[in-house]
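Peer 1: Below are the chains, spelled out letter by letter.
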Amino acid sequence: MTTVKIDVHHLTRVEGHGDIVIDVQNGEIKTCRFEVVEAPRFFEAFVRGRSYLELSHITSRICGICSVGHATASLRATENALGVEPSEQTVLLRKLNFHGELIDSHVLHTYYLVAPDFLGVGSVIPLIETHREVVERALRIKKLSGDLCAMIGGRHTHPVALTVGGFTHFPTEQELRDMQQRLIDARADMDVTVALFATLPWPEFERETEYVSLHKDDEYAFIDGTIVTSDGFSYPISEYRKVTNEWCVPFSTAKWTKHNRDAYMVGAMARMNNNFDQLHPRAKEAAAKLGLKPLMTNSYLNSAAQVVEMVHCIEDGIEICDRLLTRGIQPEKPVEPATLSGEGAGSCDVPRGILFHNYVYEDGICVRANCIIPTNQNWANVNADMQALLPQIIDKPQDEIRLAMEMLVRAYDPCISCSTHLLNVTFV
Amino acid sequence: MSHNGKLKLGLYWAASCGGCDIAIVELREKILDLDAAAEILFWPCAMDFKIKDVEAMPDGHLDVCLFNGAIRSTENEHMAHLLRQKAQVLVAFGSCAHEGCIPGLANLFDRQSIFERVYLETPSTDNPAGVLPQLSTLMPEGEIVIPQLYNTVKTLAQVEDVDYFVPGCPPQAPQIWAVVEAILGGALPPKGSVVGANEKTVCDECPHRREEKRIRRFYRPHEIIPEPGRCLFDQGIICAGPATRGGCGALCPSVGMPCRGCYGPPPNVIDQGAALLSAVASVVDADTEEEAARIVGEIVDPIGTFYRFSLPSSLLHRVKRIENL
Numbered sequence: 004m005t006t007v008k009i010d011v012h013h014l015t016r017v018e019g020h021g022d023i024v025i026d027v028q029n030g031e032i033k034t035c036r037f038e039v040v041e042a043p044r045f046f047e048a049f050v051r052g053r054s055y056l057e058l059s060h061i062t063s064r065i066c067g068i069c070s071v072g073h074a075t076a077s078l079r080a081t082e083n084a085l086g087v088e089p090s091e092q093t094v095l096l097r098k099l100n101f102h103g104e105l106i107d108s109h110v111l112h113t114y115y116l117v118a119p120d121f122l123g124v125g126s127v128i129p130l131i132e133t134h135r136e137v138v139e140r141a142l143r144i145k146k147l148s149g150d151l152c153a154m155i156g157g158r159h160t161h162p163v164a165l166t167v168g169g170f171t172h173f174p175t176e177q178e179l180r181d182m183q184q185r186l187i188d189a190r191a192d193m194d195v196t197v198a199l200f201a202t203l204p205w206p207e208f209e210r211e212t213e214y215v216s217l218h219k220d221d222e223y224a225f226i227d228g229t230i231v232t233s234d235g236f237s238y239p240i241s242e243y244r245k246v247t248n249e250w251c252v253p254f255s256t257a258k259w260t261k262h263n264r265d266a267y268m269v270g271a272m273a274r275m276n277n278n279f280d281q282l283h284p285r286a287k288e289a290a291a292k293l294g295l296k297p298l299m300t301n302s303y304l305n306s307a308a309q310v311v312e313m314v315h316c317i318e319d320g321i322e323i324c325d326r327l328l329t330r331g332i333q334p335e336k337p338v339e340p341a342t343l344s345g346e347g348a349g350s351c352d353v354p355r356g357i358l359f360h361n362y363v364y365e366d367g368i369c370v371r372a373n374c375i376i377p378t379n380q381n382w383a384n385v386n387a388d389m390q391a392l393l394p395q396i397i398d399k400p401q402d403e404i405r406l407a408m409e410m411l412v413r414a415y416d417p418c419i420s421c422s423t424h425l426l427n428v429t430f431v
Numbered sequence: 048m049s050h051n052g053k054l055k056l057g058l059y060w061a062a063s064c065g066g067c068d069i070a071i072v073e074l075r076e077k078i079l080d081l082d083a084a085a086e087i088l089f090w091p092c093a094m095d096f097k098i099k100d101v102e103a104m105p106d107g108h109l110d111v112c113l114f115n116g117a118i119r120s121t122e123n124e125h126m127a128h129l130l131r132q133k134a135q136v137l138v139a140f141g142s143c144a145h146e147g148c149i150p151g152l153a154n155l156f157d158r159q160s161i162f163e164r165v166y167l168e169t170p171s172t173d174n175p176a177g178v179l180p181q182l183s184t185l186m187p188e189g190e191i192v193i194p195q196l197y198n199t200v201k202t203l204a205q206v207e208d209v210d211y212f213v214p215g216c217p218p219q220a221p222q223i224w225a226v227v228e229a230i231l232g233g234a235l236p237p238k239g240s241v242v243g244a245n246e247k248t249v250c251d252e253c254p255h256r257r258e259e260k261r262i263r264r265f266y267r268p269h270e271i272i273p274e275p276g277r278c279l280f281d282q283g284i285i286c287a288g289p290a291t292r293g294g295c296g297a298l299c300p301s302v303g304m305p306c307r308g309c310y311g312p313p314p315n316v317i318d319q320g321a322a323l324l325s326a327v328a329s330v331v332d333a334d335t336e337e338e339a340a341r342i343v344g345e346i347v348d349p350i351g352t353f354y355r356f357s358l359p360s361s362l363l364h365r366v367k368r369i370e371n372l
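Protein sequences appear in the order of chains A and B.
One point on numbering: in our numbering, the residue at position 298 of the first sequence is 301, and numbering is uninterrupted.
One point on numbering: in our numbering, the residue at position 200 of the second sequence is 247, and numbering is uninterrupted.
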């Protein structure tokens with residue numbers, strides 16, 4: 004009979020701290036669990052007492068990888084609380100900035116963190132010697148997305164120029180033209196990227212779950228919209244608690260969530276499952292090349308879905324530049340709040356999935372705050388996937404089990420720093 | 048140095064957002080030069096190394112360890128001690144390790160009230176049984192132990208001996224590269240120095256025009272379109288530039304947003320918040336005490352503004368008495 008004890012204490016190549024613990028005795032699975040040992044930083048507690056103008060700058064520090072996403076969700080929560088309707092120009096610039104971050108985060112995950120698994124190495128560093136053109140391509144895409152974020156937000160990580168009701172800085176028409184040309188030029192790199200990821204031997208594993216994302220009828224939703232699930236539920240953002248239902252476990256500082264089932268999944272694959280029709284035609288072509296169409300139920304394919312989303316964001320980015328150039332871009336004073344007291348929720352579907360910020364303000368000061376980040380929403384589903392996968396691979400060598408489990412967790416692109424950080428597989 | 052002549056480098060994150068690791072990735076094509084010059088032996092965000100691999104290293108095995116993140120838990124502190132032992136040069140990298148940064152605002156509260164807020168009171172949390180994280184939980188398969196969270200957020204230097212400090216939230220890529228070059232060239236300044244920055248203030252590198260400041264009122268951003276090219280502080284917008292070390296290139300004021308102080312205090316200043324308070328007090332244009340109080344009263348959330356990034360490393364360190372908000 005099989006006896007396996009694995010403890011991946013400090014799982015690496017995820018953006019955060021977590022452990023995988025597996026214990027199989029005589030073929031019977033005693034333990035198969037994912038733990039978060041991250042030191043949570045408790046933003047919900049210490050944003051109380053801060054000014055409404057500072058919340059987006061403070062909460063961007065929840066995550067240095069999705070800082071634009073956190074800042075944008077934070078701004079939308081504040082704006083909904085204080086009666087601020089951003090201008091068309093602001094909405095377009097925020098979308099373009101968001102696309103930049105999504106490309107940046109996805110290239111980091113797919114090229115730097117996932118690709119090494121398929122190339123049989125422990126990190127992107129050895130690829131500099133063996134697959135230099137792959138590394139150089141990733142660096143080119145990363146430079147483009149970073150420059151795009153900096154053009155709008157003033158800098159890439161922890162954007163500066165985003166504020167309640169608008170921006171404090173605007174790209175020039177020439178900067179927009181140059182950026183649009185660079186996005187057009189990036190199509191060649193994306194074509195090669197799609198072709199590369201289409202050749203990767205994605206592990207086989209199917210487990211259907213509930214997929215949760217934002218949705219808009221007229222565009223692939225990243226900012227605002229309604230919350231939808233693949234089980235047929237739909238809620239306005241203000242009713243996000245009906246989806247998240249956070250619960251606590253004594254052995255983890257991260258909170259868990261559940262909706263219609265014991266677990267649900269958020270992120271690129273969930274978004275594509277719910278919003279495939281809204282993808283840009285070129286992104287749909289990329290999906291076809293990668294063999295992706297709804298309903299995707301292999302969690303490993305979340306990384307492939309990210310490649311499709313990168314294509315979408317480059318194409319949509321080109322179109323947003325067009326719209327901004329056609330309508331003209333000019334400095335605008337940020338929209339003034341109608342009130343300084345009130346409650347509001349904001350939501351963005353950031354690289355790792357749907358994210359909620361919810362604030363109560365009294366006289367411009369935050370008195371209550373709630374932030375629900377994507378990775379927390381995925382915990383229960385990561386665990387359910389692990390428990391479904393383990394019996395299928397239990398007879399394989401321990402190193403293969405370890406790698407399969409680590410790859411599964413990495414596919415979720417968990418940003419444990421969000422919650423509140425390191426993956427360890429412990430075969431105990 | 049390793050056998051191939053490369054610098055042996057370790058990178059670690061404690062209580063942080065990952066932005067400092069992204070800042071390393073932001074070296075972009077220079078990362079290829081870094082790879083040519085240095086062997087990265089430990090970088091949990093990007094590479095497959097386990098803690099036991101670090102524990103197995105001989106003492107002083109790493110030439111340099113760039114340590115980012117604040118010290119929030121027993122695990123963070125344990126890693127600080129371990130990496131100090133394994134690294135010849137320990138660098139507090141980024142604002143969290145350097146001065147506590149934004150997570151350090153938690154020092155305005157205590158652990159108990161934070162736990163109650165996060166695990167019991169948050170409106171989305173369904174926790175009727177009042178379950179709080181426990182140091183030790185007995186599960187059917189055995190005992191699960193998680194790190195203990197401290198009552199107070201600490202900087203790296205508050206728990207370990209630090210050789211150098213790299214400021215910034217996050218550190219800016221050109222400055223990181225300058226530090227890497229200094230390390231490779233053996234051109235590091237005396238121990239305890241702030242590196243990857245300069246010896247001036249943000250104001251000294253800010254492109255905006257400064258005049259004689261006399262402030263009669265402080266503005267919130269939506270109340271004013273700052274006149275382009277003119278000092279934000281002069282226009283009544285609180286800017287931490289005068290109380291902040293230069294080196295970032297005055298990124299924030301350059302895009303119309305006031306500096307919030309992430310590069311820490313300038314040389315010879317111990318308490319950044321006190322320095323900013325002093326800068327504010329010296330420009331208030333009031334004839335009477337009442338008028339001065341009115342003008343200063345317009346500053347929203349003074350402690351969160353003056354000590355945005357530096358509360359744990361400040362003379363205040365933390366609030367001593369918690370009152371209901």
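Just so you know, the hints here were simulated from the structure itself, not pulled from any lab data.
A portion of the hints provided could be inaccurate.
[Stated by the list, open to error] Covered stretches of chain A, going by a simulated chain B footprint (3 or more residues, C-beta under 8 Å):
| # | stretch |
| --- | --- |
| 1 | 59–71 |
| 2 | 74–84 |
| 3 | 120–128 |
| 4 | 195–203 |
| 5 | 271–285 |
| 6 | 366–380 |
[Said to hold, decoys possible] A few chain A positions that, by computed beta-carbon distances, are all more than 12 Å from chain B:
| # | residue |
| --- | --- |
| 7 | 22 |
| 8 | 51 |
| 9 | 108 |
| 10 | 132 |
| 11 | 222 |
| 12 | 253 |
| 13 | 328 |
| 14 | 332 |
| 15 | 335 |
On a predicted model such as this, the values are computed, not experimentally measured, just so you know.
Cβ atoms here follow ideal geometry from the backbone N, Cα and C, with glycine treated the same way.
Peer 1: All hints are to be evaluated individually against the structure, with a verdict given for each.
Peer 2: We went through each hint and held it up to the structure:
1. 59–71: With 8 residues in contact (Cβ-Cβ under 8 Å with chain B), the coverage given for the stretch 59–71 of chain A holds.
2. 74–84: violated (count 0)
3. 120–128: holds (count 4)
4. 195–203: violated (count 0)
5. 271–285: violated (count 0)
6. 366–380: This one holds; 6 residues, not fewer than the three required, reach chain B with a Cβ under 8 Å.
7. 22: violated (10 Å)
8. 51: violated (5 Å)
9. 108: Answer for residue 108/A: violated, closest chain B Cβ roughly 9 Å.
10. 132: violated (9 Å)
11. 222: The assertion about residue 222/A holds, with a minimum of 27 Å to chain B.
12. 253: Non-interface label fails for residue 253/A: nearest chain B Cβ at 4 Å, not farther than 12 Å.
13. 328: holds (21 Å)
14. 332: holds (15 Å)
15. 335: violated (9 Å)
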